[in-house]
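Visitor: So you can see what is in the structure, the chains are spelled out below.
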Amino acid sequence: MSEYIVDVDNVTVRFNKASENIDNLKEYFVKLVKHELMFKEFLALQNVSLKIKPGEAWAIIGTNGSGKSTLLKVISRILKPYKGSVTVNGSVASLIELGAGIDPKLTARENIYLNGCILGYSKKFVEERFDEIVEFSELEDFLDTPVKNFSSGMKSRLGFSVATMVKPDILIVDEVLSVGDVLFRKKCMNKMNEMLADGTTLLFVSHNMDTCKNMCDHALWLNKGEVVMSGEIEAIADEYMTTIEERKAKEKAAKKKKQKELDKKAKEIEEKKKKKKLEQ
Amino acid sequence: MTAEQKKSKFKEGSFLELLNYKDLLYQLVARDIKLKYRRSFLGYVWSVLNPLLIMIIMSIVFTMLFTKKTELFPIYLMCGRTVFEFIKTATDKALGSITDNASLLKKTYVSKFMFPMSKITASMVDFVFSLGALVILIVVYSFKYHRALFSFWNFGIVIVIIEAYIFAMGLGFLLAALNVFFRDIKYIYHAVTTMWIYCSAIFYNMGSFYDKGAKQLKAGGTPYALYLAKLIEYFNPAYIYIKQFRAFVWAPVCRKGLESWAYVHPTDFALGFGYAFLMFFIGVFAFRKSQDKFILYI
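Residue numbers (numbering that gives the first Met the number 0), protein chains in the order written: chain A, 0 to 279; chain B, 0 to 297.
No lab work stands behind these hints: they were computed from the structure. Accuracy of the hints is not assured; some may be wrong.
Claimed, not checked - Far from chain B, some chain A residues (derived; all Cβ distances over 10 Å): (1) 34; (2) 143; (3) 263; (4) 271.
What the hints assert, rightly or not - Derived list of chain B stretches under chain A, where covered just means 3 residues or more per stretch with a C-beta under 8 Å from a C-beta of chain A: (5) 181-191; (6) 288-296.
Think of the CB as a built atom: it goes at the ideal place given N, C-alpha and C, for glycine as much as any other residue.
Make a model of the complete structure from these sequences and hints.
Guide: This is the structure:
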């Protein structure tokens, strides 16, 4: 066993960005005969390395489409890397999207068992923790209601309670807490802090820098699939914020410039009109 | 996640990895069966009534149509139909199982074999339930002929169910994997199953092929009908299982001596298990090789 609990080594993830997806035999043969079978490469992650020691809490930051979710998916085994390797020494609970395995036709009770099993727990194990889960989710009165009648907040409460029923070695959280009311969100944060105090390793994705700073001690900054910076959170968060501010400022400046040009043009047109009137 | 699950003995992505998810398999099968019978007015009654009604219609039509009579035709027909219906629905449901669970596969890691496997297992349980229709039919005919049409041979169908189950798994894995890459496999497979029904001697019997072949031989021609019969008997796994099923249910209670085509030999079982395992290994191999690419296509 190495000293790292998560070891992402030089990982590259490749997608096919072909303009049209060929998903049936007929099209496949037509394109094959016409020699139009294209593979347009798109690298969602490029040579990303991330080494996490047990007990650390990492924030993964970056703008939309920078590969944050892809990285989390690689770590939670959903995606296989095209190049490089991922080694995880421990159990992973990934909250990439709450209620991944929730079947709307089943009741909450049945869903707790089903979801628990999907996450890899045994039925007996879920049974032992059933009351705890129900209590945390605050859904005592709706246990035998089909989940299709639930609100989205109720659904995410159910999902979060099942996913965190036990202390995993690694907890992966991807902006799932944006739903639900303030009280429940606070409860989730508390639970996560509790886990952190217990030595769980955390991987956290959020656009909210304050939450990141609160929860995490390290950060990885991704941009277009490449690592910009990684290390202690303070420095990175500041750097990131300044870049974002700069970009905002730039955009603002560009906007101002454009507006000025427009104003100028409008003025010119007006002057021309005036001239014409005078000539008449 | 408990300590036992951390030390999983089975390689990620292998078929045996399913053993780490035994409880999930149970949950998924239970869900499919529960949802099928929940809140439907007739529930289980319907899954018994449906094959009985179809059997009645088909019996009437085909006893009038065919000159060559089959003894206890309704039982003969029902045996063939139940077995074929199992292979058909099981593989058909397995076919769409990966694409239907796309959202789940994008969010959590589960052994992907789980999805076709649960559909096929649920169909198998359904198949066992639907045997109730066959039991009702046999009881009715027992009263009609004033003799018990059950025999201890009936228990032999367990062997047939195992064979068909393994075969359906293999075919199901193969189809599920193919369907991820080519969504029109579904339509092609439906066309194939329709042809398959007619090649599986469900509502006719192989005797007519042999008679025709004998006639062709007598006339000095090539016995094509005979070749066709051999083709079905040796290369159609569905017929091989139907034949065995009948040997355990229908053949033991026939009174007027059986013709040679109805006899089952040990070689038939060897052939049945042979096809089952061959299909199983092809299916598992194809599924394993392609499963890492599923996520890019769903």
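Visitor: Run every hint past the structure and note whether it holds.
Guide: Outcome of the hint check:
1. 34: Check passes; 19 Å lies beyond 10 Å.
2. 143: 12 Å, holds
3. 263: It holds; residue 263 of chain A is separated from chain B by about 50 Å at its closest Cβ, greater than 10 Å.
4. 271: The claim holds: residue 271 of chain A sits with its nearest Cβ about 57 Å from chain B, beyond 10 Å.
5. 181-191: With 5 residues closer than 8 Å to chain A, the stretch 181-191 of chain B meets the three-residue bar; holds.
6. 288-296: holds (count 4)
Violated hints for the displayed structure: none, as all numbered hints are satisfied.
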